[in-house]
Amino acid sequence: MRVSDLFTRTSKDAPADEVSKNAQLLIRAGFVYKVMAGVYAYTPLGLRVLENIKQIVREEMNAIGGQELIMSSLQKKETWETTGRWDDEVVDVWFKSKLKDDTEVGFGWSHEESIIEMMQQYLKSYKDLPINVYQFQTKLRNELRAKSGIMRGREFVMKDMYSCSIDADQHEAFYNATIDAYNRIYDRLGIGDDTYVTFASGGAFTQFSHEFQTICEAGEDVIYLHREKNIAINEEVLNDETLSKLGIQRDELEKVKTAEVGNIFNFGTHKSEQTGFKFTNAEGKEQFVHLGSYGFGVTRVMGVIVEKFADEKGMVWPENIAPFKVYLVRIGGDDAIKHANELYDELTGQGVEVLYDDRDERPGTKFADAELMGIPYRVTVSDRLIADSTYEYTVRASGETEILTRDQLLGTLNKS
RNA sequence: CGGGGUGUGGCGCAGUUGAUAGCGCGCUCGGUUUGGGACCGAGAGGUCGAAGGUUUGAGUCCUUUCACCCCGACCA
Numbered sequence: 521m522r523v524s525d526l527f528t529r530t531s532k533d534a535p536a537d538e539v540s541k542n543a544q545l546l547i548r549a550g551f552v553y554k555v556m557a558g559v560y561a562y563t564p565l566g567l568r569v570l571e572n573i574k575q576i577v578r579e580e581m582n583a584i585g586g587q588e589l590i591m592s593s594l595q596k597k598e599t600w601e602t603t604g605r606w607d608d609e610v611v612d613v614w615f616k617s618k619l620k621d622d623t624e625v626g627f628g629w630s631h632e633e634s635i636i637e638m639m640q641q642y643l644k645s646y647k648d649l650p651i652n653v654y655q656f657q658t659k660l661r662n663e664l665r666a667k668s669g670i671m672r673g674r675e676f677v678m679k680d681m682y683s684c685s686i687d688a689d690q691h692e693a694f695y696n697a698t699i700d701a702y703n704r705i706y707d708r709l710g711i712g713d714d715t716y717v718t719f720a721s722g723g724a725f726t727q728f729s730h731e732f733q734t735i736c737e738a739g740e741d742v743i744y745l746h747r748e749k750n751i752a753i754n755e756e757v758l759n760d761e762t763l764s765k766l767g768i769q770r771d772e773l774e775k776v777k778t779a780e781v782g783n784i785f786n787f788g789t790h791k792s793e794q795t796g797f798k799f800t801n802a803e804g805k806e807q808f809v810h811l812g813s814y815g816f817g818v819t820r821v822m823g824v825i826v827e828k829f830a831d832e833k834g835m836v837w838p839e840n841i842a843p844f845k846v847y848l849v850r851i852g853g854d855d856a857i858k859h860a861n862e863l864y865d866e867l868t869g870q871g872v873e874v875l876y877d878d879r880d881e882r883p884g885t886k887f888a889d890a891e892l893m894g895i896p897y898r899v900t901v902s903d904r905l906i907a908d909s910t911y912e913y914t915v916r917a918s919g920e921t922e923i924l925t926r927d928q929l930l931g932t933l934n935k936s
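Residue numbers (the working numbering): 521 to 936.
In case anyone wonders, no lab produced these hints; they're calculated from the structure.
Among the hints, erroneous ones may be present.
DSS-like, lysine-lysine: derived pairs with alpha carbons at most 30 Å apart [as the list claims (entries may be wrong)]: (1) LYS541 x LYS798; (2) LYS532 x LYS554; (3) LYS667 x LYS618; (4) LYS935 x LYS532.
Fair warning: this is a prediction, and the values are worked out from it, not measured in the lab.
My request is simple: use the sequences and hints to build the entire structure.
Here it is in structure tokens:
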């Protein structure tokens, strides 16, 4: 991709109506466009990051047997009345509307009931189980107050997975496999070391649910860490009973601010009893399905990553999710243009994703944009480097710069 | 939803005791530049969030309203 073809542009000034670091940088760099409070559009650069994150999640969900589908945004009133969650007193984030004939419909803030309703049409026998399905969906929530840029919006992308199991054992096996899969995801996203499986207030069937909390100053949660034992507890469930159950002392804990990037629940048979979701077991008897729910905040984790890695120059994307691997800066006249064009063609031909700054701009502008966008590697082609047949190679995260020959450059980019 | 704050060219801002708007960035054209957000010259672009009111006269004062931001509450 050539910078001259991007319809977005970068800005030196941060928008006045955004305070959060993630929104300021994403908007300045042309990754997102603010539509209204808590609602953001993803422009081509931002979409590339979003899709990279989704792909990592998708691969890990598929690896544990998840089947991808996509539900609808419009939902039926009856679907939610079954569990009592159509009521605005019970769920206060509903967006609701009516069809032309006055039939009430809701906009999906969650898809638990919707998916359960659908799955019970198909899963009738123990032979059908277990089944685990997931989707990437735009959730619509009528939040009283949006905040923190893309970290808490009224419209956001979530991966939600639901497991349908024969019994508690089968459920637990999948639940634990999901924890492992989530950990792999956060590792691949570059935030594994700062993300903790955290005890949090539970669902109907278990004392705790598990949240995945990433240490982040911009986060909304507070958790208590026991680093040696690798135990984390959300402050909402921190009490003497919890402490004794986990065998730890209060004074061993470290208080940290975090952002919730995932939350998994064991519903047991609570929801299947509410909805009448049953299957026939090997003895020919009806039995309730064990259900689990597994959320992962796709857009939120994108915001968290911006918050965590950004420096005074701009964003710093982990290579796995960066919109491009290389930002190619061209400085100089005809000779530089010729060499840069060749390098661009060669790298893209090798499958390296390159954002080529082919604009007739001054070097400072190009360097600043490369840094603002947070592209992992910057390669500079200039007249004076061409004279020595060398290229300048700079790592965004560390700022380290090396002068490399063509072979060294290609070798470095292909292995890193 | 409670409290606080802000709305002025695309973006960031200024506008003194009321007299129909100005700066920087960006944009267009011409020229000079070319390794850290260049410079010179010439332009385009706003009726001041919206509605109503006070006044000879309102971006400046009053009322209502909308939007946005922050703190809190909420977050199944």
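For this session: Take a quick look at whether LYS935 and LYS532 sit within 30 Å of each other, Cα to Cα.
Result: 34 Å, violated
Exercise. Hey, LYS541 versus LYS798, does the alpha-carbon distance stay inside 30 Å?
Worked result: 48 Å, violated
Exercise. When you check the alpha-carbon spacing of LYS667 and LYS618, does it fall within 30 Å?
Worked result: 28 Å, holds
Exercise. Between LYS532 and LYS554, does the CA-CA distance stay at or below 30 Å?
Worked result: 17 Å, holds
Consistency note: the structure conflicts with the earlier hints numbered 1 and 4.
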